[in-house]
Amino acid sequence: MKDKRVLYVSSEVIPYLPETDISSTSFEAAKMVNNLGGQIRIFMPRFGNINERRHQLHEVIRLSGMNLVINDLDMPLIIKVASIPKERMQVYFIDNEDYFKRKATLTDEDGNLFPDNDERAIFFAKGVIETVKKLNWAPDIIHVHGWLSSLLPLYLRNYYGNEPLFRDAKIVTSVYNQSFDGTLDEELREKILFDGLENANVKHLKTPNFVNLLKTAVDNSDAVVMGGDNVPEELKTYVDKINKPVLPYTEKENFSHAYQEFYDTKVLSEK
Numbered sequence: 001m002k003d004k005r006v007l008y009v010s011s012e013v014i015p016y017l018p019e020t021d022i023s024s025t026s027f028e029a030a031k032m033v034n035n036l037g038g039q040i041r042i043f044m045p046r047f048g049n050i051n052e053r054r055h056q057l058h059e060v061i062r063l064s065g066m067n068l069v070i071n072d073l074d075m076p077l078i079i080k081v082a083s084i085p086k087e088r089m090q091v092y093f094i095d096n097e098d099y100f101k102r103k104a105t106l107t108d109e110d111g112n113l114f115p116d117n118d119e120r121a122i123f124f125a126k127g128v129i130e131t132v133k134k135l136n137w138a139p140d141i142i143h144v145h146g147w148l149s150s151l152l153p154l155y156l157r158n159y160y161g162n163e164p165l166f167r168d169a170k171i172v173t174s175v176y177n178q179s180f181d182g183t184l185d186e187e188l189r190e191k192i193l194f195d196g197l198e199n200a201n202v203k204h205l206k207t208p209n210f211v212n213l214l215k216t217a218v219d220n221s222d223a224v225v226m227g228g229d230n231v232p233e234e235l236k237t238y239v240d241k242i243n244k245p246v247l248p249y250t251e252k253e254n255f256s257h258a259y260q261e262f263y264d265t266k267v268l269s270e271k
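In this text, residue positions in the sequence shown follow UniProt numbering: the first is 1, and each later residue adds one.
One should not assume that every hint holds.
[Unchecked claim] List of simulated lysine-lysine pairs, PhoX-like, C-alpha gap at most 20 angstroms: (1) Lys4 <-> Lys206; (2) Lys244 <-> Lys2; (3) Lys170 <-> Lys252; (4) Lys2 <-> Lys31.
[Unchecked claim] Okay, the calculated beta carbon distance ranges per label pair: (5) Asn162 <-> Leu73: 18 to 28 angstroms; (6) Ser83 <-> Phe255: 21 to 31 angstroms; (7) Leu113 <-> Ile242: 38 to 48 angstroms.
Bear in mind the hints are in silico, worked out from the structure with no lab data behind them.
These numbers come from a predicted model, not from an experiment.
Built from N, CA and C at the ideal position, the CB exists for glycine as well.
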């Protein structure tokens, strides 16, 4: 992995949010590549319950300031950055007053999904890609974690399909068991089609539930990692049938070697 560039895009990363399979794996995978001499960038949303003062987030003026069009509305993109203590790793935060200021992540105090989670997912995907373009940083691998990040492969392969910066990048999607009940806004499909994507690109999203979001991510990825041992059966069956490299669920004690070998022998070797 020495000198390889790996972009980690995750809905949650420790120490900024509580420890879960997603937040800990996103951190540990990036740390592993960093320790092996690779170059990494980590992106996550700047949720309102992240303590900016404690974690020393600050805005990066040269990266902020552009507007992203979400369902025909201009939404300002703010980029913040922080360094993970003792690890020499920076985390970039995608921020917007409307989408991420509230003091919660994905649900309200009653456990209900926020009604604009679909637009937050679109904004996050576009925001990451536009910021990496501004950084002019061409990744070898883009590894996606968490369902809020699941539209990034779709946008990268289609909306940004002609971007030279990402031409040789391999996309890996991790599938976890951290799901949600019900669906996102039923208009999600139309909001994506507004960006000029085709019906075939969003065939799963007629019903925008957890399984269909991840099916869409898998379709637009080069490889898949099973990040949990009890993902929904429908999703597990779907992954079993794809003709792409799949890393089975790996216990934490074997995690580092398994990921390194998968990146080296399966992901980077794919033509």
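Cross-check of the supplied hints:
no.	hint	in the structure
1	Lys4 <-> Lys206	37 angstroms, violated
2	Lys244 <-> Lys2	24 angstroms, violated
3	Lys170 <-> Lys252	24 angstroms, violated
4	Lys2 <-> Lys31	13 angstroms, holds
5	Asn162 <-> Leu73: 18 to 28 angstroms	25 angstroms, holds
6	Ser83 <-> Phe255: 21 to 31 angstroms	23 angstroms, holds
7	Leu113 <-> Ile242: 38 to 48 angstroms	27 angstroms, violated
The earlier numbered hints that this structure contradicts are 1, 2, 3, 7.
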